[in-house]
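Engineer: Full structure from sequences and hints, please.
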Amino acid sequence: MISKVNECVLFTNLHYKVEDNTWVRVNDDGTVTVGMTDVAQSLAGPVLHAKAKKVGTVRKKGRPIATVESGKWVGPVKSPISGEIVEINENLASQATLLNKSPYNEGWVVKMKPSALEEDLADLLTGEEAVKAYQAKVDADGITCTHIEGTEEY
Amino acid sequence: MSDIRLVDAGTVPFIRSQTIYHALGYTMTPDTPDTIVFARPESPYMCLGFFQDVEEELDVSFCKANGLPIVRREQGGGAVYIDDGQLFVQWIFHHKSLPLNVGQRFRLFVKPLIETYKEIGVNAYFHAPNDVHVDGKKIVGTGAVRIGEAEVVTGNFLFDFDFDKMVGALKVPDMSFKEEFANSLRQYLTTIRKELRSVPDVAVVKKTYVDFCERILGRNVVAGNFTDREIAKMIELDAKMQTDEWLFQMKKRRPEHRIVKVHAGVYIGASSFNVRGAKAQIRIRMKGGTIDAFSVSSDTPFLRKEKAVLERTLVGLEMDDEVLRERLGAVFPDRKNGTEIEQLLKQIRKIKNLKPNG
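Line by line, the protein sequences give chains A and B.
Under our numbering, the first residue of the first sequence carries the number 11, and numbering increases by one thereafter.
Under our numbering, the first residue of the second sequence carries the number 4, and numbering increases by one thereafter.
Incorrect hints may have been included.
Claimed, not checked - According to the in silico footprint, chain B covers these stretches of chain A (three or more CB under 8 Å from chain B):
1) 49-61
2) 70-80
To be verified - Below 27 Å or equal to it, Euclidean Cα-Cα: the simulated DSS-like pairs (lysine-lysine) are:
3) A/K111 x A/K63
4) B/K254 x B/K67
5) B/K355 x A/K61
6) A/K61 x B/K181
7) B/K243 x A/K70
8) B/K168 x B/K282
9) B/K99 x A/K64
10) B/K99 x A/K14
11) B/K236 x A/K88
12) B/K243 x A/K63
13) B/K282 x B/K353
14) A/K64 x B/K282
15) A/K61 x B/K243
16) A/K61 x B/K353
17) A/K111 x B/K254
18) B/K254 x B/K181
19) B/K174 x A/K88
Said to hold, decoys possible - Okay, the calculated beta carbon distance ranges per label pair:
20) A/E139 x B/K210: 49 to 59 Å
21) A/E97 x B/G124: 54 to 64 Å
22) A/G40 x B/E321: 50 to 60 Å
To be clear, the hints were calculated from the coordinates, so they are not data collected in a lab.
Note that beta-carbon positions come from the ideal geometry of N, C-alpha and C, so glycine has one too.
Structural biologist: Structure (C-alpha cells):
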C-alpha cells in the first residue's frame with residue numbers, strides 16, 4: 011500500500027524512523043532490510059557515491075550503517091535498529107542513484123540480523139501513523155519531494 | 004535566535020585547517036553554539052574528498068617530492084591543492100539551524116561569501132549547485148558533511164592559487180592530458196589577485212564577511228574560543244587523519260578511463276582503447292553537455308590521417324550519439340555505419356558517463 015505526502019512516497023507496510031528518514035522491512039527469514047526514504051533522497055539530491063559498512067559489522071540503532079555523497083555533501087545513513095549487517099547492496103557502489111530512483115526497492119542499503127527487533131520496532135512508526143508523522147514533518151519543514159529522471163513509478 | 008560563536012583560528016598547521024571543523028562536529032552537544040571559523044593553513048597540502056582513492060587521484064610521488072602531505076576529509080568533492088593563499092570559512096552549525104535541503108543549505112552558505120566578494124570588488128555570483136563564479140570562472144569551492152548533530156559547510160576566500168602545484172599533484176594519463184588540465188584550470192579558475200591585480204587586507208575581508216553573516220542570518224556573531232574538549236578532539240584527529248588506514252580506505256580502479264574536474268560542469272576525460280589492433284586514446288573537455296575540446300592520438304592510419312579534422316569538427320557538438328554519429332560519418336564517409344565509428348562513439352560515451360568527482 012502506497013501513500014504520498016507532498017509528493018513524497020511512503021510504503022505503509024514499512025517501519026519508519028521519521029527523524030532519520032530511514033525505513034525497515036521485516037523479511038520472512040528473520041532478517042530486516044534497511045533503506046533511505048523518499049524524503050531523504052529528495053533532501054540529499056542526486057547521490058554520487060554510497061558505501062555501506064562491511065558485512066559482519068554490529069551496529070546499535072542510531073549508529074551509521076552507510077555513508078552517502080550527493081554533490082559535495084557527505085552524510086550518514088543511521089541504523090533504525092540494532093543488529094549485525096548480513097548483506098550489503100553491492101549495486102550501490104556502481105549505481106548510487108538507485109537510492110534516488112528506487113529508495114524502497116532496488117535502492118535498499120543493507121540487510122541486518124536484528125538483535126532486539128520487537129523492542130526496536132516499537133520505536134518506529136508504520137501504516138497510517140507513519141503517514142501522519144511524515145505529513146506533519148513535511149508541513150513543518152516545508153519539504154516537497156523531487157524525483158530525478160528514471161525514478162520508479164508508483 | 005542565539006548568538007553565533009566566531010573563532011578566528013588564524014594560521015594553523017595544515018592538518019588543523021581540516022580537523023577543526025571535524026572536531027567541532029564530533030564534540031557538538033545541544034549547548035554548543037553554532038560556530039563560524041576562519042583558518043589558514045601555514046603550509047600547503049593536497050586534500051581529497053571522502054570517496055576518493057588516493058592512488059587513483061594523486062601523483063603520490065610528486066606530492067612526496069614537493070613536500071605536499073595528503074589529507075582525506077570527510078566532506079565530499081574532489082582533490083584540491085590548498086595553501087596559505089586561501090582563507091577557510093567553516094560553518095559548524097546545529098543541523099536544525101540550517102536548511103534541511105542540501106541545495107538550499109549551500110545557497111545560504113555562499114550568500115555572505117558572495118556579498119563579501121562583491122564588496123571588495125569581485126563580481127561573484129552563485130553557480131549551482133554549490134560553487135561561486137566570476138565571469139564563468141570558479142573562485143569558491145564548497146564542501147559539506149553531517150557529523151553527529153552538526154551540519155558542516157565550508158568554503159574559502161581564494162586570494163592566490165598555485166596552479167602548477169595543483170596540476171602536478173593530480174594523477175593524469177600523460178603529459179598532454181596534464182597540459183590540457185593546466186590550460187583548462189587557468190581558463191576556468193580565478194583568484195582575488197587575478198581579478199583585482201592586488202590582494203585586499205585579510206582583516207577587512209573577515210570583518211566584511213562577519214557583517215554580512217549577521218545581516219543574512221539575522222543573528223549576532225560574537226568572538227569566542229575553542230573549548231578544551233574541542234581542542235583535545237582536534238589533537239586526536241590530527242593523528243588519525245594522517246594514518247594510512249584513514250588515507251587509503253577507498254580503493255577504486257578505472258585503468259582505461261580517467262576524468263578530472265576543472266569546476267562544476269567542466270571536466271576533462273580520457274579513454275584508451277584498441278582500434279584495428281592499434282592503441283588509441285581520445286581526450287575530451289566537456290562543458291555542460293557539449294564537447295569543448297577534443298584530441299585523439301593513435302598509431303592507426305585512419306585516425307591519424309583525420310586527426311586535425313576530428314579535433315576541429317567535433318568541438319561544440321552535443322554529446323549525443325546521433326549528433327556525433329552523423330558528424331563522424333561526414334569525416335569518414337567511406338566508413339559510415341562502420342565498426343570504427345561505433346568504437347569511437349563507445350569511447351566518447353564512456354567518457355560522458357564517467358562519474359564526476361563531485
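Engineer: All hints are to be evaluated individually against the structure, with a verdict given for each.
Structural biologist: Consistency of the hints with the structure:
1. 49-61: Satisfied; 7 residues make the cut.
2. 70-80: Held - the stretch 70-80 of chain A has 3 residues with a Cβ nearer than 8 Å to chain B, which meets the minimum of three.
3. A/K111 x A/K63: 22 Å, holds
4. B/K254 x B/K67: Satisfied, since the Cα-Cα distance of roughly 20 Å is no more than 27 Å.
5. B/K355 x A/K61: Holds, at about 23 Å.
6. A/K61 x B/K181: 30 Å, violated
7. B/K243 x A/K70: Distance of about 23 Å is within 27 Å: holds.
8. B/K168 x B/K282: 30 Å, violated
9. B/K99 x A/K64: Given pair B/K99, A/K64 is violated - Cα atoms ~30 Å apart, limit 27 Å.
10. B/K99 x A/K14: 25 Å, holds
11. B/K236 x A/K88: 23 Å, holds
12. B/K243 x A/K63: 19 Å, holds
13. B/K282 x B/K353: 17 Å, holds
14. A/K64 x B/K282: Violated, at about 39 Å.
15. A/K61 x B/K243: Since the Cα atoms of A/K61 and B/K243 sit roughly 20 Å apart, the hinted pair holds (cutoff 27 Å).
16. A/K61 x B/K353: 23 Å, holds
17. A/K111 x B/K254: 26 Å, holds
18. B/K254 x B/K181: 23 Å, holds
19. B/K174 x A/K88: 34 Å, violated
20. A/E139 x B/K210: 49 to 59 Å: 51 Å, holds
21. A/E97 x B/G124: 54 to 64 Å: 57 Å, holds
22. A/G40 x B/E321: 50 to 60 Å: 52 Å, holds
Of the numbered hints given earlier, the model fails hints 6, 8, 9, 14, 19; all others are met.
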